[in-house]
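Novice: Chain by chain, the residues:
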Amino acid sequence: MKSAVIVFPGSNCDRDAAVTLEAVTGVKPVMVWHGDEALPKVDLIVLPGGFSYGDYLRSGAMAAQSPIVRAVKAEAERGVAVLGICNGFQILTETGLLPGALMRNSGLNFICRDVDLIVERTDTAFTNAYTQGERVTIPIAHKDGSYFAEDETLDRIEGEGQVVFRYAPTPEGASGNPNGSRRDIAGLIDRTGRIMGLMPHPERAADAALGGIDGRRLFESLTRTLN
Amino acid sequence: MKARITVTLKNGVLDPQGRAIANALHSLGFGGVEDVRQGKLIEVELKAADEAAAQTELDAMCRQLLANPVIENYRVELL
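Just so you know, the protein sequences line up as chains A and B, in that order.
Read left to right, the first sequence gives residues 1 to 227 (my numbering).
Read left to right, the second sequence gives residues 228 to 306 (my numbering).
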């Protein structure tokens with residue numbers, strides 16, 4: 001599987017994504033600069049976490065208008081898989097490739113810690129190496145991670161099975177939602193099943209030496225599907 | 228020409244910053260404060276043939292970049 005990682009000024013998880021992609025797929029991804037207007041031929045495009053353009057105006061708003069993201073949209077329309085992690089998820093909602101918006105965390109703090117997620121769907125290119133309903137631990141690191149969409153949109157995306165990861169309740173049954181996301185949404189897929197956005201960082205949980213491997217299977221799923 | 232654009236969260240969208248400000252005002256003793264909403268102020272200087280042309284262009288800027296229509300409303304004033 002060939003992949004590309006887009007690098008914006010302010011991206012800080014681009015290399016984490018590249019290291020994980022190379023470890024899982026055996027192929028070094030191509031790093032693509034934000035000012036470029038074209039992409040190499042790849043099977044997967046990753047919009048990494050970070051603070052593209054300093055998150056000025058709104059998280060992901062400037063990046064959504066960049067030359068490379070116009071190319072990403074064109075590739076997505078051709079069916080190339082796109083994974084947006086954290087700031088990448090914000091960029092995907094700002095471009096309209098995914099519905100909704102990501103807002104300031106309800107507690108106003110930047111939160112950097114492990115969270116538990118429930119895998120809602122395993123029949124996607126991104127999650128087929130997980131088991132349905134499985135509880136996985138993946139870190140988050142964000143200040144603008146509260147997922148918002150209007151009720152009507154939420155009902156539609158739930159009805160169409162677009163919610164792929166949800167923040168898990170605590171073992172005692174209390175909410176484990178760290179940021180106020182509506183309906184505990186942590187990760188979404190688009191209608192075509194080729195575009196995914198998620199706030200947690202699976203690329204930071206793909207090596208036991210770094211404290212967890214639950215994120216690794218997301219990249220294994222992609223490798224299995226896109227090879 | 229100068230324009231002032233005010234971007235605010237739509238009604239019904241949780242505004243955690245506004246809520247934090249309201250709490251701070253309450254703790255200062257301003258008990259009458261019922262709600263606070265925080266927004267953004269953007270000032271734009273632009274060249275335009277006339278006010279109508281400026282209004283059209285500013286409106287396009289808001290729709291394409293300055294406001295996110297999923298969560299925000301905007302208001303344009305020519306100064």
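The set of hints was computed from the structure by calculation and includes no laboratory data.
Hints are supplied without guarantee of correctness; some may be wrong.
[Said to hold, decoys possible] List of simulated lysine-lysine pairs, DSBU-like, C-alpha gap at most 30 Å:
{"id": "1", "chain 1": "A", "residue 1": "Lys-143", "chain 2": "B", "residue 2": "Lys-237"}
{"id": "2", "chain 1": "B", "residue 1": "Lys-267", "chain 2": "A", "residue 2": "Lys-143"}
{"id": "3", "chain 1": "B", "residue 1": "Lys-237", "chain 2": "A", "residue 2": "Lys-73"}
{"id": "4", "chain 1": "A", "residue 1": "Lys-73", "chain 2": "B", "residue 2": "Lys-267"}
Novice: Hey, Lys-73/A versus Lys-267/B, does the alpha-carbon distance stay inside 30 Å?
Specialist: 28 Å, holds
Novice: For a C-alpha distance cap of 30 Å, please report whether Lys-237/B and Lys-73/A respect it.
Specialist: 28 Å, holds
Novice: Given the hinted pair Lys-267/B and Lys-143/A, is their Cα-Cα distance within 30 Å?
Specialist: Given pair Lys-267/B, Lys-143/A holds - Cα atoms ~18 Å apart, limit 30 Å.
Novice: Does Lys-237/B lie within 30 Å of Lys-143/A when you go C-alpha to C-alpha?
Specialist: Holds - the C-alpha atoms of Lys-237/B and Lys-143/A are around 20 Å apart, at most 30 Å.
Of the numbered hints stated above, none is contradicted by the structure.
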